[in-house]
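*Asks:* Each chain, written out:
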Amino acid sequence: MSLLRMLLLLVVAIEAVVCGGLVAGRLLRHVPALPAPSGDDPQLSMELAAVAARAADGDAADWRLLGESLIGQGMYAHAEPVLRRAIALDPREHAARFALAFVLERTGRLAAGIAEYRAFLDMPDPPREAVDRQPFAMFAIGRTHLRAGEVTAAEVAFRENRGFPPADFQLARILYFSGRHAEAAATIDRLLPQLPLALELHHLRERVMEALGRPDDAFAAAAMEERSASLVETSFNSAYVGPFTVRHGLPRLFQEYQRLEKAGDAAGMDALLTTAESLLGSRRVPQQLTVLPLQAERGLARRMPDVAIAAAAAMREAGDGSALPLLLEARARDQRGEQEAALALRRRAVEFEPTAQLHLELAEAFDRMGDAAAGKQHRALHHFHAGLDIYRRNQLPAALERLRMAADLQPDHAATWFHIGEIEYHLGRTEAADAAWRTALECRPGYGRAAAFLAGPRPAAASSSRIQGPMKEPLSR
Amino acid sequence: MWRYRVERLLAIVAVALPLGTVASLPFLPSVRPAPAVFSGGSIHPLSERRFERLPLPLRGEPQQLPQFTNVQVVDVDGDGRDEVLACDGLGHRVVRIDHDAGGSPVETTLAADVRVPAHATVVDLDGDGDRDLVLSVLGDLRPSDKAVGRVEWLENTGSGYVRHVILDDVRRVADVQPGDFDADGDVDLAVAVFGYSRGEVLWLENLGEGRFADHRLHCGAGAIHVPVADYDGDGDLDIATVMSQEDEEVWGFENLGGGQFRPTMLWRTPNFDLGSAGLVAADLDQDGDVDLVLPVGDNLEDFDAFPQPYHGCLWLENQGDWRFVEHRIATLGGTYAAAVGDLDGDGDPDVALVSMDNDWRDPRTASLVWLENQGSGQFRTWQVDTSPIHLVTVAIGDIDQDGQADIVAGSLNLRRPYDRIGGVTAWLGREAKR
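Protein sequence lines correspond, in order, to chains A and B. Position one of the first sequence corresponds to residue 674 (the working numbering), numbered consecutively onward. Position one of the second sequence corresponds to residue 469 (the working numbering), numbered consecutively onward.
Treat each hint with caution, since some may be false.
What the hints assert, rightly or not - Output of the computed footprint for chain B on chain A, the stretches with three or more beta carbons under 8 Å from beta carbons of chain B: (1) 676-684; (2) 692-705; (3) 761-770; (4) 819-830; (5) 908-921; (6) 970-980; (7) 1022-1036.
It should be emphasised that the hints constitute simulated quantities derived from the structure, not laboratory data. Here a beta-carbon is modelled for each residue, glycine too, at the ideal position from N, C-alpha and C.
Required output: the full structure, derived from the provided sequences and hints.
*Replies:* Below is the structure:
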């Protein structure tokens, strides 16, 4: 055998081994299992397939990204093997481990979920994001123990997580329900300075004070509930999943629409709406009732009222009986100069969806028509609703000013006087509060809440009544 | 020659093999078995009692994605025949579904422009001998702590209804039930103000002439239902409720007379994810007192829900003296509502359950089951149907007047998947079991 032949044989043999390995590797490669396309969102199916293709040829981060995208679409069960693959490729994938724990407990495998959260917490050298997630993982362990009915284990987990307000709150609940009221009260009192306007905290405090036989403190805590619009977060699921939901599909398009709207890019908005319309076709998906109001708004913006009227009619045809299509049509009728038709639509809408803005629009319309009495009534209700909105943002003096304006215009409106009484109470002016509640009762005999406040104890203004200033909106759960 | 031919061939193979491999690699499918995908959905044996599914068309054409919040089987107009009374949360209306002479469903809108009705109660509120409606107005289907709720009275005038608002400036109202709580001969009302993170339970004292005084019984979020019954057997009407938000609790309000009530916590769970979804009063064990049936499985707080092992139905057995003992009688992922009635005609009360969030990606999972009461506190679960999905409300009654119990359910299509879409659907009982 010649040297050349030997060399060629050697090359071919080596190539056969290498190529065989490549082929075998390719034939045996891990491919993500995606759910069958449902037709709900064609854009989503295409985009997920592309992410899955990248993962099949990619590394642990690609698999984790796919897992998170699946979580964002509620495909928890399909996310599990994907995340396991990410961890197999890189055992240091902290985010994938956290996501796997989340998926396991959300699909009802509680013990396995707890074990994965523990594994996440035990991972060495956590990056910054993983460190930030540790209290959430600890909280999830406690919460999952509660879901399994393991109260003692939950208490241990929440105690391990002391200093994390949601965990402290859950600990206080466990203490209250297990009859350790004094310790519960102490835990709440430690939390209150951090969360002075947390609704559930005041509600729990009310129950604890009742259990401790302190009715005045219970009354004061109950009174705080009305103006405490922030919430102690007890479920982080939405906060965790939320960013994943808008990565793909129609939600991504709508997020892009919002960006274009903020930028004032009318052409971009129109183009994107056209894309969304063609994607939606006649599919029965909720995004139809997202696109139609946007079409109406675009019609109004371009001074094309017929477009808006057609979109409002399509909304009603799709079953939307809310005030929104009425109000969109009213604005279109305004543009067409059909003031009476617009007024009728607004009057119909305000009967079942009263808002400060709508009452203002009606007040202005009636003033223009010279109907001073109707205008005055709607202006009073405008101030009333605006005052309540401000009150529930804990801006007491500003809210009181608006409510007094409402009372001046419509002095027989019982609810206005009731809420004036509430605010006066919180400002420590109990005589003024009592006077307002008495007026409320005169306006509406049988006004139970006013009677209850009048009959209630009169502690000096609640210790937390001095809390002032704007606060954040309630958190979603 | 031969010798060089072999070398040429080897050279060609040496070039073609890697090229061919590289070119074909992207087209090679994986032969690795797909990983197993977990399903936590509930599947039960098919019902031996036969039910015939009958979608009840509304407005001629199906809505995009119907959102029915409540269905009942009740005699709305006092003609001695039961009709379907449904609350259309998307259409903001209350509808009655009857049958015409030919047996086809006919829809009548009883009230429009009702901002998300959660329940309609048939009651003679003004004592004039006809049937009025009292509406529980949620105000917003989405989570909200705004005072968007109402209680409205649709006064029956013979030729139609006249609308009165009898309670407003309250948060989302989920249920209203009637009863003469102060024994003064008129109809008072128990009110579940669900709210969101704030809510309450009220009773409204009837002052006459359409005026009511509100009295707070309990403060807490998530009151869903207020079933009224004589739970302690002392001859007056008491009130129960289920709180379903942070504190998952069942409360009883013992009527002490003179408009006074004593609250008692009857049941609670440390699992604040349990998802209490309603409360039904019924003497399930036929021992002469009123028990409570608690469907559990609401997880609307999640973007995308998944069935949990603790979802299903609990029977709270009344053991007297305001003591209720929990028994689990069914497991069904995403259970959202229960109804009690004799579905197999054997004289004892059975239970129908519907699911909002079973594992819908598995087409075999149940959307409707019934629990056969086998006596001695034992219940057997039978699967009735897998479609439509996203069912949140259920009622039992004889809507076709054939002497056999039927089931009616309503769909709330808020979540994926958007298939097997229903509005109001009936399952007509067709034969006695076996």
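*Asks:* Next step is simple, just say for each hint if it's right about the structure.
*Replies:* Verification of the supplied hints:
1. 676-684: holds (count 5)
2. 692-705: holds (count 9)
3. 761-770: violated (count 0)
4. 819-830: Three-residue rule met by the stretch 819-830 of chain A, so holds; n is 6.
5. 908-921: Per the Cβ count (6), the hint holds.
6. 970-980: violated (count 0)
7. 1022-1036: It holds, with 3 qualifying residues against the three required.
Comparing the model with each numbered hint stated earlier shows that hints 3 and 6 do not hold.
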